[in-house]
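Student: Required output: the full structure, derived from the provided sequences and hints.
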Amino acid sequence: MSDRVATILIVDDEEMVTTALRSFLQLETSYRVLTFTSPAQALQSVDNEPVDVVIADFMMPELDGIAFLKAMREKRPEASRILLTGYADKENAIRAINEAGLYYYLEKPWDNDHLQVVVRNGVERAELFRQLDAKVSELESAHDDLAGFRKRLIRAFV
Amino acid sequence: MSEKQQTSVQLLMAGLAHEINTPLGAIRSNRDVIQRVIARLSDILADEVVDESEIEQIRGLVKTLGEVIDIDAVAVDVITGLVASVRDCWHPDETTCRCVDLHEGIESTLLLLGHELKHRIEVVREYGEIPPVECYPSQLNQVFMNLILNASQAIAGEGKITIRTRSSGEDAIVEISDTGSGIASENLERIFDAGFTTKTTKSGMGLGLRICKEIIERQGGRIEVESVVGEGSTFRVSLPLKTVE
Chain A
757 MSDRVATILI VDDEEMVTTA LRSFLQLETS YRVLTFTSPA QALQSVDNEP
807 VDVVIADFMM PELDGIAFLK AMREKRPEAS RILLTGYADK ENAIRAINEA
857 GLYYYLEKPW DNDHLQVVVR NGVERAELFR QLDAKVSELE SAHDDLAGFR
907 KRLIRAFV
Chain B
134 MSEKQQTSVQ LLMAGLAHEI NTPLGAIRSN RDVIQRVIAR LSDILADEVV
184 DESEIEQIRG LVKTLGEVID IDAVAVDVIT GLVASVRDCW HPDETTCRCV
234 DLHEGIESTL LLLGHELKHR IEVVREYGEI PPVECYPSQL NQVFMNLILN
284 ASQAIAGEGK ITIRTRSSGE DAIVEISDTG SGIASENLER IFDAGFTTKT
334 TKSGMGLGLR ICKEIIERQG GRIEVESVVG EGSTFRVSLP LKTVE
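Respectively, the protein sequence lines represent chains A and B.
Going by our numbering, the first sequence opens with residue 757, and the numbers climb by one from there.
Going by our numbering, the second sequence opens with residue 134, and the numbers climb by one from there.
Just so you know, these hints were derived from the structure itself, not from any lab.
Where is the CB? At the ideal position from N, CA and C, for every residue including glycine.
Mixed in with the good hints, there may be bad ones.
Between beta-carbon pairs, the in silico distance windows are [to be verified]:
1) A:D869 / B:V142: 35 to 43 Å
2) A:A823 / B:R323: 35 to 43 Å
3) B:V207 / A:H899: 53 to 61 Å
4) A:P817 / B:V142: 23 to 31 Å
5) A:A903 / B:K196: 56 to 64 Å
6) B:G290 / A:L884: 39 to 47 Å
7) B:V182 / A:K831: 47 to 55 Å
8) B:E189 / A:V873: 56 to 64 Å
9) A:L884 / B:K196: 22 to 30 Å
10) A:E896 / B:I171: 51 to 59 Å
11) A:S794 / B:M146: 24 to 32 Å
To give an idea of the interface, some chain A residues facing chain B are shown, with a C-beta separation under 7 Å as derived from the structure [unchecked claim]:
12) M772
13) S779
14) F780
Tutor: This is the structure:
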């Protein structure tokens, strides 16, 4: 595990929710917490920022939570995506899992201890994803090196 | 209450539960944060010696307390507003006529329907000047609720509901227009009839326009409708500004 500080991004159109979540996470963890009430702004913000965990409300103006997490998946596939919802709606939960590659589905009102465990696991998952990505890149470049070596070998002896 | 009417109330209740869940979620989390902060402050103070770094920690903890308590105040206001709206709109045994500002009733109704309208329907308020109207406000609010709920359900996807108010001669007028599917001309004459509906149970039944009409007429008023299929409908409620009954 690297020593970098993980970033948690929270999007809910209700500021009382984003502030409550931020207050808790800042009290109990050392993560960097970014909060947004606009999904569009949240999406813009990740252009230049790595993100480990994204927590999004389901019902938002502009973009619903599933569409938002889907767009986030395109931009930051490594980030663990969590949907926070006031609905215990099976249909939407399944949609979110399928369409947005959901990592976890949390219901309002949430329990802070549970939230903390989910976020911590989400951060670890994102880190593993990154490590895997790095290994795959290493393997690919090793493969390219080998292919180049093979070509040179053939050229030298054939 | 008939079985048909229940579905509309159920829809509202589900919406209301969701609207309350959001501030409640914040309050619940904040209460937990406050407990944790108090535990940390007690730990710091336990040895009765407070050093420089602990003072920094205390400052941070006090700041957190301030933040969560401010949010709690907002959350409590939201719940208080919702509960007040329920009281304004559900007063089953209302027996007294009162002089009220119709706009307050409309706003209470809109607050209660917030979940149904939010993110899908733009509500445009074109409020004019109306003097206080003597009426049975809770009954009247139920009429507004039904008209707005009908308007919302007439709109598939996104749309607009415009609420216009004015006084005209001896009447106070409230118009509720939607950009919905409209009502076919052959149905237009029947919508105020008992038992007439084109709705399915899934969308929820309201009081029914017949009961809305009775409530309005009991208060000396009228209800009219204009509609163009594919463009939308306008319901106009006129209430006498003079004392009735």
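Student: List in ascending order the numbers of the hints, as given earlier, that are violated by the structure.
Tutor: Hints 8 and 9 not satisfied by this model.
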